[in-house]
Amino acid sequence: MACESLSSRILELDACNLPDDLYRVAETCLLDLLGVAIAAGETSLAGIARKFVLSQFPGDQALLFGEGSASSIGSALYGGWLIDALDGHDGHVLTKGHAGVALLPALLALPECGRLSGRRFLGELAIGYEVAIRAGISLHASACDYHTSGAWNCLGVAAMAARLKQLNADQLDHALGIAEFYGPRSQMMRCIDYPTMLKDGSGWGAMTGLSAVLLAQSGFTGAPALLLGEAAGADETVASAWRNFGDQWHFRQTYFKRFPVCYWAQPAVEATLSLMDQLTNPRDIDHIDITTFHQAKRLHTTMPHNTEQAQYSLPWAVACALHGQTIDQHSVTTDLLNPDIQRLARTVTVTENETFNLAFPARRFARVTLCLNNGTELVSQDFEARGTPHQPLSESEMVGKFRQLSQPAIGPQSEAIIKTVKTLLNRPASDLLNLLGPVPATNHSRTATQPLDTNHAPSS
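First residue of the sequence shown? That's 11 in this note's numbering, and the numbers climb one at a time after it.
Misleading hints may appear alongside valid ones.
Unchecked claim - Restraint ranges, calculated between C-beta atoms of paired labels, are given here:
hint	residue 1	residue 2	range
1	N27	M286	20 to 26 Å
2	Q391	I58	40 to 46 Å
3	R200	S404	35 to 41 Å
4	H297	M199	24 to 30 Å
5	C154	T365	23 to 29 Å
6	Q414	R200	29 to 35 Å
7	S79	S152	36 to 42 Å
Unchecked claim - Straight line, CA to CA, 20 Å or less: simulated SDA-like cross-link-like pairs of lysine to any residue:
hint	residue 1	residue 2
8	K432	C123
9	K432	L443
10	K307	R373
11	K61	M207
12	K432	E405
Since the hints were made in silico from the structure, they are not lab data. Glycine included, each C-beta is placed from N, C-alpha and C at the ideal position.
Go ahead and model the full structure; you've got the sequences and the hints to work with.
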């Protein structure tokens with residue numbers, strides 16, 4: 011098959027001998043993903059996902075922070091769904107989506123994972139990210155519609171799993187072709203306009219990528235993957251995305267979120283927070299005007315009735331920031347009936363700006379005006395979200411985010427996970443796996459996270 015050259019390059023990378031900074035990025039991704047997974051365990055989506063995989067995918071692979079076990083495929087599916095349930099994980103601006111949400115669950119679902127050194131664990135994760143990110147860039151360059159992350163992160167999963175399963179280049183060709191062909195070409199903006207548990211398709215991405223490797227290992231054949239740019243008639247733009255593979259790393263450009271809401275909403279949140287020192291009391295606000303880019307404007311739900319709608323709501327995100335000067339997992343779960351947040355969200359008007367539109371997706375901007383009851387207008391500068399390489403979150407902020415997400419559920423065990431992740435380069439991966447068992451039952455209410463009939467459009 012035509013993809014042999016790239017497949018060989020993927021397989022030849024030495025996961026234990028990558029540039030040092032890539033291990034640090036992988037370490038940050040790992041801790042962040044685990045924090046999101048822990049906090050997401052309280053969502054209704056997680057409960058439904060667990061019941062589904064336990065009944066349909068029996069096996070002996072542990073579920074990430076969940077009771078019970080499933081097959082490797084079932085465990086990967088569950089983990090992808092779990093992390094996708096809370097929109098607080100890393101991403102890449104040029105993919106308009108997320109790689110790690112599928113990669114980490116798939117890696118943990120492989121029996122081979124427990125035999126890895128920590129260094130190789132992080133290196134394999136980094137290689138999976140790089141393949142996934144380039145596949146995402148290729149897809150957006152060649153497809154007429156905007157697809158979910160599962161459509162391309164499945165190729166990163168396939169590449170990573172093929173390396174651990176010791177497939178040869180021809181088998182990896184087929185695995186990548188299978189993953190691309192069966193990957194969920196789901197339309198992202200449908201779930202933006204109608205937020206539901208479908209989210210970003212990453213549970214299916216994890217499952218598809220891992221399934222593709224197991225199929226290819228058994229002799230199942232796939233057509234050449236168009237997104238790799240080596241198939242006959244491949245688009246030149248797609249081919250160019252892979253030419254420096256192994257030499258330059260898009261993985262370095264990974265961004266991290268401050269808050270568990272869609273990244274498109276976070277420029278407006280940053281703009282809002284910049285005005286807080288000028289605001290005596292949020293009750294002084296008469297209405298809120300937000301200027302941003304088109305895709306962020308589509309996050310239009312005003313009164314979310316479930317966590318999926320809240321995570322994809324620009325008005326709700328800004329209202330939460332004004333109310334509590336931050337956004338945490340409770341803001342998008344148990345706080346949905348808070349009357350003060352609801353009042354603020356109802357006052358929001360969103361307008362798109364053509365200059366901001368042209369900057370997307372490489373850059374995402376927003377400007378916020380708080381119009382007070384006395385006629386005063388507090389106007390922010392144009393803001394981007396923090397967490398990108400040129401506006402990074404500090405290490406202490408990332409660790410603080412992990413604690414905030416994890417401690418309500420696992421208490422002091424969060425410190426053991428932090429210590430293990432931070433020293434994983436010099437210890438076996440099994441030390442980490444031993445800490446990823448079931449999260450104790452909590453007293454957190456799930457009332458506000460129970461979904462309404464998602465066949466209906468969200469309130470606006």
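Evaluated hints:
1. Restraint check, N27 to M286: a C-beta distance of roughly 47 Å breaks the suggested window 20 to 26 Å.
2. The hinted window of 40 to 46 Å between Q391 and I58 holds, with their beta carbons roughly 42 Å apart.
3. Checked against the hint of 35 to 41 Å, the pair R200 and S404 passes, with Cβ atoms roughly 36 Å apart.
4. Between H297 and M199 the Cβ separation comes to about 27 Å, which falls inside the hinted range of 24 to 30 Å.
5. Taken as a hint, the range 23 to 29 Å holds for the pair C154 and T365, whose Cβ atoms sit roughly 25 Å apart.
6. For the pair Q414 and R200, the supplied restraint of 29 to 35 Å holds, since their beta-carbon distance comes to about 31 Å.
7. Between S79 and S152, the C-beta spacing of about 39 Å keeps the proposed range 36 to 42 Å intact.
8. Between K432 and C123, the direct Cα distance comes to roughly 18 Å. Compliance with the 20 Å bound is thereby established for this hinted pair.
9. Pair hint K432 plus L443 holds up; C-alpha atoms about 14 Å apart against a cutoff of 20 Å.
10. A hinted pair counts as satisfied when its Cα atoms are at most 20 Å apart, and K307 with R373 qualifies at roughly 15 Å.
11. Annotation: proposed proximity of K61 to M207 holds, straight-line Cα distance about 15 Å (limit 20 Å).
12. With a CA separation close to 11 Å, the supplied pair K432 and E405 stays within the 20 Å bound.
Of the numbered hints stated above, the single one contradicted by the structure is hint 1.
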